[in-house]
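K.L.:
If you read the sequences in order, they're chains A and B. Heads up, the first sequence is in UniProt numbering, so the first residue is 1 and it goes up one at a time. Heads up, the second sequence is in UniProt numbering, so the first residue is 1 and it goes up one at a time.
These aren't lab readings, by the way, just hints derived from the structure by calculation. Hints may be right or wrong, so weigh each one.
Unchecked claim - Restricting the straight-line Cα-Cα distance to at most 20 Å, the calculated cross-link-like pairs of lysine to any residue (SDA-like) are:
no., chain 1, residue 1, chain 2, residue 2
1, B, Lys312, B, Ile330
2, A, Lys312, A, Pro113
3, B, Lys312, B, Ala38
4, B, Lys163, B, Arg175
5, A, Lys312, A, Ala325
6, B, Lys163, A, Asp173
7, A, Lys163, A, Asp173
8, B, Lys163, A, Arg37
9, B, Lys312, B, His101
10, A, Lys163, B, Ala38
11, B, Lys163, B, Glu232
12, A, Lys163, B, Arg37
What the hints assert, rightly or not - Per label pair, the in silico range of CB-to-CB distance:
no., chain 1, residue 1, chain 2, residue 2, range
13, B, Leu165, A, Glu13, 22 to 32 Å
14, B, Asp200, A, Glu49, 55 to 65 Å
15, B, Pro332, A, Asp247, 56 to 66 Å
16, B, Ser291, A, Glu320, 50 to 60 Å
Note that CB positions come from ideal geometry on N, CA and C, so glycine has one too.
Protein chains: 2
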Amino acid sequence: MPEPITGPRPTLEAVAARAGVSRATASRVVNGGAGVRAPLVDKVRRAVEELGYVPNHAARSLVTRRNGAVAVIIAEPEFRIFSDPFFEQQVRGISRELTAHDSQLVLLWVEGPGDHDRIARYLGGGHVDGALAFSLHNDDELPALIDRSRIPTVFGGRSRAGKDLAVPYVDCDNRGGAREAVRHLVSLGRRHIAHIAGPDDLMAALDRVDGYHDVLIDADPALTAQGDFTEESGARAMHELLERRPDLDGVFVSNDLMAAGALRVLAERGVRVPEDVAVVGFDDMASVVRSTVPALTTVHQDIEGMGRLMVKLLMRLLDESGGPAPASVITPTALVRRASA
Amino acid sequence: MPEPITGPRPTLEAVAARAGVSRATASRVVNGGAGVRAPLVDKVRRAVEELGYVPNHAARSLVTRRNGAVAVIIAEPEFRIFSDPFFEQQVRGISRELTAHDSQLVLLWVEGPGDHDRIARYLGGGHVDGALAFSLHNDDELPALIDRSRIPTVFGGRSRAGKDLAVPYVDCDNRGGAREAVRHLVSLGRRHIAHIAGPDDLMAALDRVDGYHDVLIDADPALTAQGDFTEESGARAMHELLERRPDLDGVFVSNDLMAAGALRVLAERGVRVPEDVAVVGFDDMASVVRSTVPALTTVHQDIEGMGRLMVKLLMRLLDESGGPAPASVITPTALVRRASA
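Could you put the whole structure together from the sequences, leaning on the hints where they help?
P.N.:
Given below as structure tokens:
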């Protein structure tokens, strides 16, 4: 066995020479070894150990703190992440944009405060270059915890807990979109327009409530019922509203999944849509609006595009060439008219 | 400003003393800073910098290579991960067990060979203590790539590409379960039993085909059609089978999602289930079998439990106290009789 070598930090070229392989082969082994025959992998690994070589990516990471990985943190339990198509679309946009930047997406989720210590340790461990966090709830400690980790971060959507932090966000014009939905129902001559609201710890849901009240300043509180953005909760809220105000002739629902639940209840009760009750959703989620009967009129937001935009802002935060810090972005919404209103 | 201190590695106690805070506060700041007021966070951070303190978790990571994080790698595009409830259940089991070990789950997925270099770099970067990989396809380079990263790994399900690697796996008794499903159809007096198979690059699907042929040694090849484990593909395969063999009176379907698609087609064509055609699925996926009409007879496998078991095997691989390497595990299956057969 050759003698151990001491002196300056060994190069990849030295590893390749010691292992008797090309620099390209040594590089592939150091970067995971894909496509290299096992005996060569072993030779290179032995040379790495003998020389005490620090692989480029680890060295680069030590110097520039670049790990080539970005954490996507979703503040929801895993059953919601896997069942609400909103997350799939947002993650798809993020995934494509990160791939374009050759950065690995690692997905984490936070069910509640019991997970905070572990997440803080992970973020503090220097394993990711940046973080994208969404579905942040008001009065949640998570935004502050992410901010204190000092990892460059972009939020998806605003939250009361995040509003005093110097963290840029990407959000859609929830309030303006809601106004347009309700004005559309008014323009159809609807007189008793109800609202099925989302969870009251999510700013997106609260903004949509505000948009409803912008148009219907004196709306009867009995015309508002609350859900939690799941289809089941939309069905329950629709039942409630029909009990309280059987004269309602329009409903603006805070997301498409709840609208699908509301449409199901209306059909079961023999209420005709849109003749008796016109229904407008929010999101324009392809997998939902395609399958409702009748097809759902809704407020379109570009969920996948917002995911891509979050990555673009993050890449500007990571860019150390010294440009100005990126500002938050509010993306536009647009009413899409289909059969339900 | 106090003079920089040199000498042995500074302790957390030294940081706390220099910052003028309690050890507990210093510890919280070092671990992310959750719940500590900003001025104190700044004091502690300054002390950390001045002393050149290496936080415990980073020090532990340097010494033991423990990062407190485990990668879950799914070899499927993200739309399948988010739409097939199988992955949610498996990830749920993994997530709960990792939480019990205070280890952070980071989820990655691999759409194809284009992602391999990036994944190899990530796994080679020392960011995770271990990996759990599932939905591995035959002839895929991924298992070898993961193995070469030298990260302790457990596979979910067998694959041809993984079979020569010293990587333990957790799988269910796919072949035995399939035999039981088909025997049940035979015991109901069915004479022309078809099979809707899953993708032929997944061992689980191939094992279920083998189980079908174990019982029906001379089955007409026209009685087998192939899907890709999605509901749509199950519907397409059912159409095909009804064209080819309108006399079929039983179908064993390789997973519940495809069985749901098959039941939909049978209903559309006015074929009564189970009177005309009896149907048996595989998986016993709560979210699917609850919603089919009629309720689906199927082969139960404990998907969540298999996820937990994968973590337990991984923890034994990570345990350096020198016990024997864990062996692979095949978990039992059981037929669950409902209305469809």
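K.L.:
Are the hints correct? Go through all of them and say.
P.N.:
Against the structure, the hints come out as follows:
no.	hint	in the structure
1	Lys312(B) - Ile330(B)	holds (14 Å)
2	Lys312(A) - Pro113(A)	violated (29 Å)
3	Lys312(B) - Ala38(B)	violated (39 Å)
4	Lys163(B) - Arg175(B)	holds (17 Å)
5	Lys312(A) - Ala325(A)	holds (12 Å)
6	Lys163(B) - Asp173(A)	violated (52 Å)
7	Lys163(A) - Asp173(A)	holds (16 Å)
8	Lys163(B) - Arg37(A)	holds (17 Å)
9	Lys312(B) - His101(B)	holds (10 Å)
10	Lys163(A) - Ala38(B)	holds (16 Å)
11	Lys163(B) - Glu232(B)	violated (31 Å)
12	Lys163(A) - Arg37(B)	holds (17 Å)
13	Leu165(B) - Glu13(A): 22 to 32 Å	holds (31 Å)
14	Asp200(B) - Glu49(A): 55 to 65 Å	violated (42 Å)
15	Pro332(B) - Asp247(A): 56 to 66 Å	holds (58 Å)
16	Ser291(B) - Glu320(A): 50 to 60 Å	holds (52 Å)
Violated hints for the displayed structure, listed by number in ascending order: 2, 3, 6, 11, 14.
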